[in-house]
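What follows is the residue order along each chain.
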Amino acid sequence: MLERDISETLQQQVHNAVSNGTPLKIEGGNSKTFLGRETHGEILDVSGHHGIVEHDPRELVLTARSGTPLKEIEAALAEAGQMLAFEPPHFGDNATLGGTLACGLSGPRRPFCGSARDFVLGCKLINGKGEILRFGGQVIKNVAGYDVSRLMVGAYGTLGVLLEISLKVLPRPAASYTLIQECTQAEAISKMSRLLSQPVPVDAACYHAGHCYVRLSGSEQAVKHAHQNLGGEVIEKSEPFWHALREHHLPFFGAANPLYRVVVKPAVPPLEIGGEWLLDWGGAQRWLVSDEPIALIRERVAMVGGHVTQFRGGAGNGEIFQPLAAPLLVIHQRLKSSFDPHGIFNRGRIYANL
Amino acid sequence: MPVSKDGLPRSRGVHEDLIRKLRKLLPPEDVLTDKEDLRPFECDGLSVYRRLPLVVVLPETIAQVQAIMRLCHALQVPVVARGAGTGLSGGALPLSDGVLLSLAKFKRILHIDPENAMATLQPGVRNLAISEAAAAYGMYYAPDPSSQIACTIGGNVAENSGGVHCLKYGLTVHNVLMLKVVTMEGELLTIGAETLDSPGYDLLALMAGSEGMLAVIVEVTVKLLAKPERAQVLLAAFDDVYKAGEAVGAIIAAGIIPAGLEMMDKVAIHAAEDYAHAGYPRDAEAILLCELDGTNAEVSEHIMQVRDILHRSGATEVRTAVNEAERQLFWKGRKSAFPAVGRISPDYYCMDGTIPRRQLPHVLRQISLWSEEYGLPVANVFHAGDGNLHPLILFDANKDGELARTEEFGQRILQLCVEVGGSITGEHGVGMEKINQMCIQFKAAELSQFHAVKAAFDPDGLLNPGKAVPTLQRCAEFGAMHVHHGQLPHPELERF
Chain A
1 MLERDISETL QQQVHNAVSN GTPLKIEGGN SKTFLGRETH GEILDVSGHH GIVEHDPREL
61 VLTARSGTPL KEIEAALAEA GQMLAFEPPH FGDNATLGGT LACGLSGPRR PFCGSARDFV
121 LGCKLINGKG EILRFGGQVI KNVAGYDVSR LMVGAYGTLG VLLEISLKVL PRPAASYTLI
181 QECTQAEAIS KMSRLLSQPV PVDAACYHAG HCYVRLSGSE QAVKHAHQNL GGEVIEKSEP
241 FWHALREHHL PFFGAANPLY RVVVKPAVPP LEIGGEWLLD WGGAQRWLVS DEPIALIRER
301 VAMVGGHVTQ FRGGAGNGEI FQPLAAPLLV IHQRLKSSFD PHGIFNRGRI YANL
Chain B
1 MPVSKDGLPR SRGVHEDLIR KLRKLLPPED VLTDKEDLRP FECDGLSVYR RLPLVVVLPE
61 TIAQVQAIMR LCHALQVPVV ARGAGTGLSG GALPLSDGVL LSLAKFKRIL HIDPENAMAT
121 LQPGVRNLAI SEAAAAYGMY YAPDPSSQIA CTIGGNVAEN SGGVHCLKYG LTVHNVLMLK
181 VVTMEGELLT IGAETLDSPG YDLLALMAGS EGMLAVIVEV TVKLLAKPER AQVLLAAFDD
241 VYKAGEAVGA IIAAGIIPAG LEMMDKVAIH AAEDYAHAGY PRDAEAILLC ELDGTNAEVS
301 EHIMQVRDIL HRSGATEVRT AVNEAERQLF WKGRKSAFPA VGRISPDYYC MDGTIPRRQL
361 PHVLRQISLW SEEYGLPVAN VFHAGDGNLH PLILFDANKD GELARTEEFG QRILQLCVEV
421 GGSITGEHGV GMEKINQMCI QFKAAELSQF HAVKAAFDPD GLLNPGKAVP TLQRCAEFGA
481 MHVHHGQLPH PELERF
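As given, the protein sequences belong to chains A and B, one line each in that order.
Note that the numbering used here numbers the first sequence so that position 42 is 42, with each residue one more than the last.
Note that the numbering used here numbers the second sequence so that position 196 is 196, with each residue one more than the last.
Chain A on its own, in the form it takes in the complex:
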């Protein structure tokens, strides 16, 4: 693919949309359209805005245009022995960097190494006035101005069109082992929660189909030593398992019933909601396949201080994301109009009135 900077074309399209009052639907690789509420509008195709702008492995920083395919970025990093440490799910072959950050998705490594937004250092975007703005930078420490770059992560394109993103990247661990142990969900939760307060080199932990999986990563010696301490059986070639978990390729995710993402404190005991459970993020992100009404699921989860996203199988005009408290929604609406005063970007993608 050719390296291309089409920011001026995109900017012109935003200007036109503003003057014609046309809403825009921002699209990258179209891999995560299933996620969130439906949005209607003229398509603003960012996928042609492509290319790694800068990657100096010694700086631990990579800057790329938003339409760059995630796999291309990961390949370039792998060549330098590095990685995106938040282990983003792709959910499709065409996933782009921009879409990944707009959706703010992170994989199994998240509770131990940080989330997508944690690794964002800066961005270039087009706001709803058609202005090209830069926030943050390419340095790890930077407290000049509000942290607008991180605000863009998980905003689903409702605040602006991401053009360029700078990320902190990390070296790949020298060694990685996955340990497996048969147990109940409750046992897995307490086992995984204990890992949080122990100095062990864990970088993923999940519970699936009666087994607890713990991934150890670090130097060869560190991983070996931790295995001796923790016990459990080592799975050879565990990479496909974690990949399938991250990409929702495990049979669990193939069910026709709705899929919910339930986020709770990791030590919360098993929730009594009918359906099938798979626990990732050491128990902090729990996947639920269930036919129970969403209102009931939200009520139960709220009792333990968590929140629920209807990840797959929700109505495009429904309450996909957990509704916000009224005063918080007011702030969201004001922020939305501060970035997008004409309300042209991805209308209603997160909430009906945003």
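Possibly wrong hints are sitting among the right ones.
Quick list of in silico lysine to any residue cross-link-like pairs, SDA-like style, CA-CA up to 25 Å [unchecked claim]:
1) B/Lys-105 with B/Glu-194
2) B/Lys-399 with B/Ser-345
3) B/Lys-243 with B/Pro-281
4) B/Lys-227 with A/His-55
5) A/Lys-129 with B/Thr-471
6) A/Lys-224 with B/Ile-257
7) B/Lys-227 with B/Ser-300
8) B/Lys-243 with A/His-55
9) B/Lys-223 with A/Gln-198
10) A/Lys-25 with A/Leu-324
11) B/Lys-443 with A/Val-53
12) B/Lys-443 with A/Ala-175
13) B/Lys-227 with A/Gln-228
14) B/Lys-223 with A/Glu-87
15) B/Lys-443 with A/Ile-132
16) A/Lys-25 with A/Pro-341
17) B/Lys-223 with A/Lys-129
18) A/Lys-224 with B/Pro-281
19) B/Lys-227 with A/Ala-175
20) A/Lys-129 with A/Lys-224
21) B/Lys-223 with B/Ile-149
22) B/Lys-168 with A/Phe-112
23) B/Lys-107 with B/Ala-67
24) B/Lys-443 with A/Pro-341
25) B/Lys-223 with A/Ala-267
26) B/Lys-227 with A/Gly-92
27) B/Lys-443 with B/Phe-478
28) A/Lys-224 with B/Glu-229
29) B/Lys-227 with A/Pro-173
30) A/Lys-191 with B/Phe-478
31) B/Lys-223 with A/Met-303
32) A/Lys-25 with A/Gly-92
So, partial list: chain A residues that the calculated Cβ filter (under 10 Å) puts toward chain B [what the hints assert, rightly or not]:
33) Arg-150
34) Ala-284
35) Asn-353
Distance ranges between label pairs, derived from CB positions [claimed, not checked]:
36) A/Arg-4 with B/Asp-274: 26 to 34 Å
37) B/Glu-477 with A/Asp-5: 50 to 58 Å
38) A/Thr-22 with B/Glu-373: 54 to 62 Å
39) A/Asn-20 with B/Gln-415: 50 to 58 Å
Simulated from the structure, these hints should not be mistaken for laboratory data.
Backbone N, C-alpha and C define an ideal beta-carbon position, used for all residues, glycine too.
Fit chain B to the known structure of chain A by using the hints.
Same frame as chain A, but now just chain B:
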């Protein structure tokens, strides 16, 4: 000046009304108006900026904070929130017609939850106290700004404080889960959650480093980490600053992320050695301190690798701290670098720019050229791992024009940081101090976007007005002045 019904100037009428009403909301001893009582609040850690507030309030409950905010909002009186006052950019500088809201009474640790690896705190809890309380569970709170004995968690969030371990463990923004904040309108909001993420926009990221401009923080939930099994520090000496810089890149290129990676130049080494007797080699042009932490096995493995890299990078000497006492001593020298420099010069001005690491040789060379040009010595202390440069410009404020020259020198350093792709502030914040330099780092449309973000939280602009983000008019004036050899405006002027 408009005159109110009772014949007093309008502002005086409002102020008397305000104080009377504040006294109804709080016990009398928690509303301070006497000059002598106001004095301790006239500045933060950047004492060149001083101003007495109209009144200081010391609430103790969230309900009191809400009531104070509602009152001030109704009377349209500006509010500046303050934690321990250790900030280094004048962010907590009071307003002479405003309320200074001290969170000093909010100092309880509300809950330590080792099972979920988190702690809930009132904003006035000291940074170090969190780790002390978590130690019973083998855990700690990672960000460790050098003022951690005194600075409070509320202020840490407001400034997005760093420390010496940022490269590996992140800044405050990476270690906070949830905040309770009170808006200027007196509304109590929960931002973030006890869970790893929360629905809606990432307001938590906006609040971190917002310098008291968006809302008042009244409760903080932070992430706790397991204490590493072992931490070990290496000290390497170099006969050339640039070789030390190269070594930093080489360590990172080898796939090792040190817990801390600090560099000091000769002036800083000598000052620190005289002060702390850390055993630093006096003949070195630069030293690197490299801390490695993790499991026993991992640390052993990495120490061997790093020693090797340091030698190959031309280190004249590499020492490993033989025990915890020596490790503490190595750090003591670094952590006391600021007061140490304070002893060798009547005054010093601490800069806080960040740069991409590869620019270090270029930037240091330029700083040393300017140092000669201005006749002002510089001690360089550098968080080398994360590119955060702290040049300390040594000067004597009693010498005519020396402060002005120092400020001009400092401004050129920050401008250079921006030019090479860095930032005017890595961890100290903009506050009052760097408000003009914001005009260098950001374009008008970007500054306008910042103002719009503030307005979403504080439509009337009553929270800490005049700080952190300059008005476009101010930038225009600064631009004009900048042409005239960068003469900075006087600090005593109002900066709205």
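(message) If you test the structure against every hint from before, which numbers come out violated?
(response) Violated: hints 4, 12, 17, 18, 20, 26, 30, 35, 36, 37, 39.
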